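> FYI, the numbering for the sequence shown is 1 to 240, going by the numbering used here.
Just so you know, the hints here were simulated from the structure itself, not pulled from any lab data. Be careful, since some hints might not be right.
[To be verified] Pairwise CB distance ranges (calculated):
| id | residue 1 | residue 2 | range |
| --- | --- | --- | --- |
| 1 | I235 | Q108 | 14 to 22 Å |
| 2 | L103 | T183 | 18 to 26 Å |
| 3 | A198 | T158 | 18 to 26 Å |
| 4 | T220 | D109 | 21 to 29 Å |
| 5 | G82 | Q162 | 32 to 40 Å |
| 6 | Q89 | T220 | 13 to 21 Å |
Model, not experiment: these values are computed from the prediction. Heads up, the beta-carbon is just placed ideally off N, CA and C, and yes, glycines get one too.
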Amino acid sequence: MYFPQMENFYKKISKVGSSPITILVNFRFSQNIMQKRTSYTISAAVLFTVFTTAVIPFDFEKNDFEQKFYGFATIEKIDANGNNVFTQQVHNRLVDTGETFLLEQTFQDSNSASDNTQIGAICVSDEAQTPAESDTASTFDSGNSIAENNCKEDTSVTISSQTAQVGPLTFQAGSTNVANGDTIRSIGICTNRAASDADYNNCATASGILFSVIDTSDVTLNSGETVQITYTFDITSDTT
1 MYFPQMENFY KKISKVGSSP ITILVNFRFS QNIMQKRTSY TISAAVLFTV
51 FTTAVIPFDF EKNDFEQKFY GFATIEKIDA NGNNVFTQQV HNRLVDTGET
101 FLLEQTFQDS NSASDNTQIG AICVSDEAQT PAESDTASTF DSGNSIAENN
151 CKEDTSVTIS SQTAQVGPLT FQAGSTNVAN GDTIRSIGIC TNRAASDADY
201 NNCATASGIL FSVIDTSDVT LNSGETVQIT YTFDITSDTT
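Work the whole structure out from these sequences, hints included.
Next up, the structure:
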């Protein structure tokens, strides 16, 4: 028997999903049986369509406007002969006080923004930090035993293409920034002092604010050695 109405039906069903579906129709039986089998096949095709839609993910568009919004430190150790011993880059942990500082400096509120209390200082510590959002300048300083002026200021932070760069700032072994044999284990990004641009001790000096913390590999400085530290804060999107 030939059923012309089934030809179009077969063409439609065979295109469902990623694999062809074969319709089995037994023409040796009565038309009623054939209609039942066709009905079962339609149900199977519908279920197959639902299944394939569920398990095969649709393509999604990349968000070109997603902000990077991250910071990292670049540490370069220089030996007494001026040779680069090693370089590393470590991402930071932006702490709550740093986030609050960003908002207060950006949006109008009861606090006034001032250049001499903006982010621009890098402080080193010999404490092995486990950076947490709740860290403050005081907690960053509390475990530090470096007695020298462990904080240096960049009074002209470079801002270009939605990226801020503090440094590079050079920390010297000896009596300047760290003692001979001291080990730098963490870095704090802090506000500059209002009173002076000179090197100073401790991030919390003169009500200093901790912006972010970087947990670094151990960097031990012996006599004549230095370490250059650069902090980069990037808020660009993929299209800028």
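> Quick check: does the Cβ-Cβ distance between T220 and D109 fall within 21 to 29 Å?
44 Å, violated
> Could you tell me whether the CB distance from I235 to Q108 stays inside 14 to 22 Å?
At 20 Å between Cβs, range holds.
> Note whether the CB distance of L103 and T183 lies within 18 to 26 Å or breaks it.
35 Å, violated
> Honestly, do G82 and Q162 meet the 32 to 40 Å range at C-beta?
Holds, at about 34 Å.
> Honestly, do Q89 and T220 meet the 13 to 21 Å range at C-beta?
Because 19 Å falls inside the window, the suggested range holds.
> So the hint says 18 to 26 Å: do the beta-carbon atoms of A198 and T158 match that?
For A198 and T158 the Cβ distance comes to about 21 Å; the hint holds.
Consistency note: the structure conflicts with the earlier hints numbered 2 and 4.
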